[in-house]
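Q: Go by the hints and put chain B onto chain A.
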Amino acid sequence: MVILIKVEGLFHSYTKEKSYAVKDISFDIADGEVFGFLGPSGAGKSTTQGILTGILPLQKGKASVGEYDLKKRDSSMFNIMGVSFEQSNVYGKLTALENLEFYSKLFDVKTMDPMELLKLVGLDHVANNKANTFSKGMKHRLTFVRSMINNPKIWFLDEPTTGLDPSIASTIKNIIRSKNDEGATVFLTTHNMQVADELCDRVAFIIDGEIKLIDSPRNLKLQYGENLVNVEYVKNNEMISENLSLIIDEDKIKLYEIINNYKVETMHTKEATLEEIFIKVTGRGLQ
Amino acid sequence: MSKLFVTFGKDLKLSINGLYFYIEIIMAIVFIAVMLIAVPNEFESNYNYYAVIDSSLAEINVLQEQPENMIIVNSREELEEAMSNDRNSIGVSMTTLNNTLNMEIILQGHESEKLRNFIKAEIEGYFITQEIAVTEHIEIEKLQEHPEKLSDRENILPVYLTINVALMGLFIIAAYIFLDKEEGLVKAYAVAPVKIWSYLASKAMVILVLGLFTSIIVVFSIVQFRVNYFLLMLMIISFNIFGSALGVLITSFYNSMIKAMEALYAVILIMMLGSITYFIPSFNPLWIRVLPVYPMLFSFRELLLNHGDKGYILQNILLFLAIGSVLFYFATKRFEKNLTI
Chain A
1 MVILIKVEGL FHSYTKEKSY AVKDISFDIA DGEVFGFLGP SGAGKSTTQG
51 ILTGILPLQK GKASVGEYDL KKRDSSMFNI MGVSFEQSNV YGKLTALENL
101 EFYSKLFDVK TMDPMELLKL VGLDHVANNK ANTFSKGMKH RLTFVRSMIN
151 NPKIWFLDEP TTGLDPSIAS TIKNIIRSKN DEGATVFLTT HNMQVADELC
201 DRVAFIIDGE IKLIDSPRNL KLQYGENLVN VEYVKNNEMI SENLSLIIDE
251 DKIKLYEIIN NYKVETMHTK EATLEEIFIK VTGRGLQ
Chain B
1 MSKLFVTFGK DLKLSINGLY FYIEIIMAIV FIAVMLIAVP NEFESNYNYY
51 AVIDSSLAEI NVLQEQPENM IIVNSREELE EAMSNDRNSI GVSMTTLNNT
101 LNMEIILQGH ESEKLRNFIK AEIEGYFITQ EIAVTEHIEI EKLQEHPEKL
151 SDRENILPVY LTINVALMGL FIIAAYIFLD KEEGLVKAYA VAPVKIWSYL
201 ASKAMVILVL GLFTSIIVVF SIVQFRVNYF LLMLMIISFN IFGSALGVLI
251 TSFYNSMIKA MEALYAVILI MMLGSITYFI PSFNPLWIRV LPVYPMLFSF
301 RELLLNHGDK GYILQNILLF LAIGSVLFYF ATKRFEKNLT I
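Chains as they are written, first to last, in this note's numbering: chain A, 1 to 287; chain B, 1 to 341.
Here chain A stands alone, though its shape is the one from the complex:
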């Protein structure tokens, strides 16, 4: 397993070490992995991403991205890296196409066709419109596709689906999956547990600048979930809904009887959601 991002004992302070936004965090991300960094606002997610993308200085601890040690700034690192920001930051006075064309000329590696990128996120019809005429969601999509213009090997995404309607959000998630299938390693920062659950191979829960746990969503659900089945069935012309354990023998027998004797309308496994697990682990919500 090749490690692409390595972080050891990372600290960061905005207040000259009076308090830390990030405290002694360590983690590795393997090549090809989608790693979710989950936590509420102010938890230290964006600070960590800022350090890993060179936007914030590395104050204390060690961090490397690919072959680049973040202690020394080397701008060539950005040829293999893509960064999408939570706040859209495109040139409002340039058109969508001009924004991407300008950005593509800054790279030393082969870049993607700007029009193709705009098509990917449904902005091709407004390619020649100035970005300051765009809605917030459109600007967000433009920021998102700009981050993939250099076919990044390591892709940092900060809240990539925030503020997007479900259909566009689904398109964005599909693009992330597809790039990951092509080999991109993704560092996903979000407070949206559903997105993390759908996309991530592993997630880290961060709160108050500290990582509380790192594991795969599946392992977390197995460890913290209750393994229930919710079944709705019709008995004597009456709709009945029951939660039955898949571990307790008595419940297993009852489930078997229901399936054999009654008309089952719906049946769902009741896994714990990542959000429920997060609250259980950290004692805090995500907002």
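Quick caveat, the hints were computed from the structure, so don't treat them as lab data.
Here the structure is a predicted model, which means the values were calculated and not measured.
Here are some, though not all, of the chain A residues that point toward chain B, as calculated from beta-carbon distances under 8 Å:
hint	residue
1	T53
2	G54
3	I55
4	R73
5	S76
6	K93
7	Y103
Where is the CB? At the ideal position from N, CA and C, for every residue including glycine.
A: Below, chain B without anything else, positioned relative to chain A:
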């Protein structure tokens, strides 16, 4: 280097789409209009007279009535020193030799023939009494062999050029940087494989292009082909690099536009003190002469003179290029650490 020009192309396009670009051009046009329409080439002359009167004439009332703008001095040396400090003055020396009253009029040298005749007539009116029978002998002497004085209209040009080329850059580059920071554009640029210096240099180049364009049209409108435009461009480039580099360096110490503006405003005000000597040449202490605006103003002045000192101009071009480069280096080093914070 190609990334610098790509960034510069983008910044220039953004500037052309912005308001400041047009404000600068409109200001240049307004300045030209005011200079050509409202400002006469020469304001009405209001000379001071310095006079030295030989002791042998003390008992004779040679001066019918001492005008308000006449100052009597004790010696020829004192007269010349006073005139050197006051470029808007004329000297008169009255002596007698073999019963002949000699009147020597000492001029700065830049006075026109018409003005000389007027001065001569005026002075005669002050001094020659009806009662004294004298043989008049008047000589006119110039203080400098190639003396020059800019016309009143041209005299304002160095001030405009210094403000337009060097001082505006301080403010504008700070505004460009903080605007980019506010909109998160600096961060987007910082995560591309580019150097911070190319980001800063690109902004400075936009300001330089605008400074070159507006300065050249203003100078051409007022003095046409009477200046060396190659030297003018070198001066604009050098002084502009200095101004922008200083602006970037000051900006690098602040994280908000307001705080940076306070500092920039203070620096500009201090630098502008250098212009006092430009208008009052007799006041030229060392602390004023070391302020950057002083050599800038006088370099532009030398450029506008017919026999200006090219050595002085070139020396200042090199000096400000060197200082500007050093300031830009330090500003880049600082911004490498804190531009995106």
